[in-house]
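From just these sequences and the hints, can you work out the full model?
One line per chain: the protein sequences are A, B, C and D, in this order.
Numbering-wise (my numbering), the first sequence opens with residue 63 and increments by one.
Numbering-wise (my numbering), the second sequence opens with residue 63 and increments by one.
Numbering-wise (my numbering), the third sequence opens with residue 63 and increments by one.
Numbering-wise (my numbering), the fourth sequence opens with residue 63 and increments by one.
Copies of the same chain look alike in the list, so a pair counts if it fits in one copy or across any two.
Derived DSBU-like pairs: lysine-lysine, alpha-carbon spacing no greater than 30 Å straight-line:
id, residue 1, residue 2
1, K103, K325
2, K103, K251
3, K103, K269
4, K65, K127
5, K251, K269
6, K325, K269
Everything labelled a hint here was simulated from the structure, so no lab data went into it.
4 protein chains.
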Amino acid sequence: MIKVGIVGGTGYTGVELLRLLAQHPQAEVVVITSRSEDGVKVTDLYPNLRGHYDGLAFSVPDVAKLGACDVVFFATPHGVAHALAGELLDAGTRVIDLSADFRLQDAEEWSRWYGQPHGAAHLLGEAVYGLPEVNREQIRGARLIAVPGCYPTATQLGFLPLLENGLVDNGRLIADCKSGVSGAGRAAKISSLFTEAGESMMAYAVKGHRHLPEISQGLRRAAGGEVGLTFVPHLTPMIRGIHATLYATLVDTSVDVQGLYEKRYADEPFVDVMPAGSHPETRSVRGANMCRVAVHRPQGGDLVVILSVIDNLVKGASGQAIQNMNIVFGMDERLGLNNVALLP
Amino acid sequence: MIKVGIVGGTGYTGVELLRLLAQHPQAEVVVITSRSEDGVKVTDLYPNLRGHYDGLAFSVPDVAKLGACDVVFFATPHGVAHALAGELLDAGTRVIDLSADFRLQDAEEWSRWYGQPHGAAHLLGEAVYGLPEVNREQIRGARLIAVPGCYPTATQLGFLPLLENGLVDNGRLIADCKSGVSGAGRAAKISSLFTEAGESMMAYAVKGHRHLPEISQGLRRAAGGEVGLTFVPHLTPMIRGIHATLYATLVDTSVDVQGLYEKRYADEPFVDVMPAGSHPETRSVRGANMCRVAVHRPQGGDLVVILSVIDNLVKGASGQAIQNMNIVFGMDERLGLNNVALLP
Amino acid sequence: MIKVGIVGGTGYTGVELLRLLAQHPQAEVVVITSRSEDGVKVTDLYPNLRGHYDGLAFSVPDVAKLGACDVVFFATPHGVAHALAGELLDAGTRVIDLSADFRLQDAEEWSRWYGQPHGAAHLLGEAVYGLPEVNREQIRGARLIAVPGCYPTATQLGFLPLLENGLVDNGRLIADCKSGVSGAGRAAKISSLFTEAGESMMAYAVKGHRHLPEISQGLRRAAGGEVGLTFVPHLTPMIRGIHATLYATLVDTSVDVQGLYEKRYADEPFVDVMPAGSHPETRSVRGANMCRVAVHRPQGGDLVVILSVIDNLVKGASGQAIQNMNIVFGMDERLGLNNVALLP
Amino acid sequence: MIKVGIVGGTGYTGVELLRLLAQHPQAEVVVITSRSEDGVKVTDLYPNLRGHYDGLAFSVPDVAKLGACDVVFFATPHGVAHALAGELLDAGTRVIDLSADFRLQDAEEWSRWYGQPHGAAHLLGEAVYGLPEVNREQIRGARLIAVPGCYPTATQLGFLPLLENGLVDNGRLIADCKSGVSGAGRAAKISSLFTEAGESMMAYAVKGHRHLPEISQGLRRAAGGEVGLTFVPHLTPMIRGIHATLYATLVDTSVDVQGLYEKRYADEPFVDVMPAGSHPETRSVRGANMCRVAVHRPQGGDLVVILSVIDNLVKGASGQAIQNMNIVFGMDERLGLNNVALLP
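What follows is the structure in structure tokens.
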């Protein structure tokens, strides 16, 4: 039984880790931290957990307790994992960070986008970007995992087969992404109110969103060179879900794009290439660790349109984190992640 | 492995049976029927099932095939189970009916509310009303189960402790109930459109709803005599969930109502009595087979207010049906039903 | 042209005043205050106002400027009107307060429910409770108006005809009310997030809500004596709307309740008694200054069920405030308030 | 007073015409037709209209009655206006068609996309495409107006300034559009159910949507030559609103795009160019006849991103129809269309 610690468990990725780990046969949450909710039972904050975690309460972060865990998940704002990861690694604990702290390989670039110095640049060398569909081998046995962001997961899984095979104009990629409001976290912000985000749609951060450098980094790796990406995120009136609509121009229009995708993801348990002509709905992955992808070429032109959907809290965060844990510890990658999406 | 058949699998209780049974370690769906979707793969209609039921397709109802199952669930409009249940019982198959066909013990009353003759009155004698918290012993080994309706489940579980103990004025019970739109099923009705049911709230069927006689029947049984119930259902702009707000007048104000509820449901795996002062949210049971109940006495008067929430598709339908199956076959009642509610 | 000032214009009742007053032929907003948004154009905060208030900016409250207005609306948290109303009245300005500051006639009761001393008890003598359907004559020419709360408006208009005529048991009134999330205002609270309030339903403040004493005060006045009211508010996943479901027991079952309501409200421009058997939807009043009421007697018993719907921001706040302004200044009560509700 | 007839008044564009015309000082609805609802009062179908149209009932279409109107709006499925428009024009009545019947100038292309022969090709010569921002002069005095579709309105208004000035690569235009569910009309379709369209997002008709040829036709006219457009519509869980996110590649990056848009629309009452850096929300135009546009150049590259929002039922249908009526009859274009958008 793997002993799990969670730092920063009051947010949505925290409760989602608890929900999923309750079904995991070989993992057990033994510590969950929160400064603000110290002493509060997790079931008081999240009544859906009643009957599943009745003995578990939030506690202030304590490196000794966390260091006694086999693995610690960081479900925290950026900066927190920077401060604690090193000590935990020294204690022999694996660290799986759901925040952005170790996603960018370039500490200066991180610093530019997050507006503060990188707090653990010395650890970047061993941080593995936890996108199993790309880095499965490096994840196996890794000590420090940077779980990809939600937009980056949907976007990279959508673009990868094209870029890895040099099939499109890498300089003209567009990712028009739509996210549910839970992507903004459980923070008391006016813009996330039901009365503000409901019954409306808007783009945001068109000038530049923090996920842009992360996506670009991943696409560069896949393309083996520079890429030009325009990324426009939109806030959508739903709780969960990301719908990425991706546009790229084929340099070779004779390619069988559908077949390419089916082959690329044939052995991937958590990427589902839909039949040609499909329009995946975000609800088809609600609560499930799954990315569903569909491929289109409207009017048979050279523009390919990829539709890629995930649940931002699962394949876009906590589910993918557990998938990484399973790989790190050499378990079946699918453990605890086989529930059916909730529809309707 | 219990072989399961599902009649009428295209509706929401059908897909919900599939979702939950995918996680059941001792049951396997071998037949699912639909006249309109004959030959269609279940994953084509419900992409969330992709990877879980890839070989399963809808077929037209065939008594021989269904009769070869250990148990058949009816997820059908009323009348269908009347027509088929007898033959299946004769074939040795257990029948668990999610429709209203066998809920009312009085065939004439059924006929009055449903506007057609009762088609299987001779089976009423052995039909067991599948509310485990009341009829667990009769369910064990039963051949024909009538799964309670959604409003009746939330309302009865909320009222039972008071009525069983003769603590309230049985003639003045009020159930003000709020349901998500999935209670209306997957039928192409204008009133269920997003554009009609969204961003709005309304009462309906105040004159008399078909669940009224079912609830009254259950409350009479609990009270051991006549009851007077006013039942006002409301349509609420959410997909899943029932919130029952129940009002009753105490005849003895010295009773410890909170303690009474805690004792009554202490051993019930799927009824959760919340701490005093709680306000259960429907989302705390979304996707889970659970009824959460809270007890209030506003301003310390003689009026008691019970708040009772369920997911109408789970504890109010498919989950409760599986709970019945587990009991019927002598398995652990909780098998396949231990997932955590999806929140947020 | 009436010169209007608005104190606290950044909240939802503030923007709603602006929306409605833009259509008012005889009123003009000349001052709008906000400490936090001093200098910001109203159209920057509320882009829906672009083209309508392009020259108007928030300013810090200034008694001299406000005192130069013919009328000042307070769209503020409680306590603010206490502090400023006296000075404005001295300056000859009419005050129409949308907050709770002057709703309760008893300063001690106010203090008990709001947890602070009443800051302007000396003004209570001339404060008029601005429910035109009850106090139209007192409103005409009044200097200080307390605009009723949202729940109190829907509930009182629903109960009044029964209580004014002594037709029900006044000791056993129940108001089961459902409100959209905008009732919680434009405050950055976790409980009002889209991710918390969406796709869920819950009761709240069952122990005692601040609108309880206000409703009781109004019902006592109508009944000419004590009343016993149980008030259970619920949070509903919609932006606007209140649906009050009211229960009372007739003492005389021979009365024509439908006729009674039609007669009581025959001349009221903003109360619409629906045909017998109706189920009013909240969306039928979205954005409109209207209360629609329907009367039911389920199963012909002695329990009467009243359904009363309003838009909490219009007839439950800003629209009613303007209705009061029209009456105060002797104008046609309907000026600026004749728009059709937005449906769908 | 202009006498108005409405053919097919039971759908959402019908009720929206009624809502807006109720505020129009110089128009009066005298006939509204519906075969299915013959004899039903409009207020029975749409209670929000109570008090505004109490004497108006649906009637079966009668050319004599319609021909006595000054103008007839068609709020019908395609094909109906083909059948009736000619007779009405002969009777001297102006026809403003909200359906797709006269939008495409090429009858064969229409036939290809709509799967039936064009029923009134002889009228195409005088049909004016009712986008006032392009065709104001032709609309003035026209007898037959084809009101643009919702997606075409948002998309054309967004692209026009770029194309009219030859500033972008016309062969690589992308319109990623998101629509509320009311765009699918008031038809009893499973895909439009609250339970299907709620809490989810999906693309649809990527292969080819009927609005594609209409948009292309308009863009060709603006560009003075062929264009290559990829149009991907998405279904969004909101009732009203279209958000068009438009992508084009500048051929001259020295142009002041913001200034260009401000100049192009300076005199347009119903196009609002937002300040640089803005992200218009669809709710900022809810219920209002307005298109708000914002211009971006992410990372200062040669890709320009235009955000264009409308209410699909107003500027995308009924509001624009009334705007056309105002122009046709030489009235102030803004009559009846100056209400403020409903926010929140």
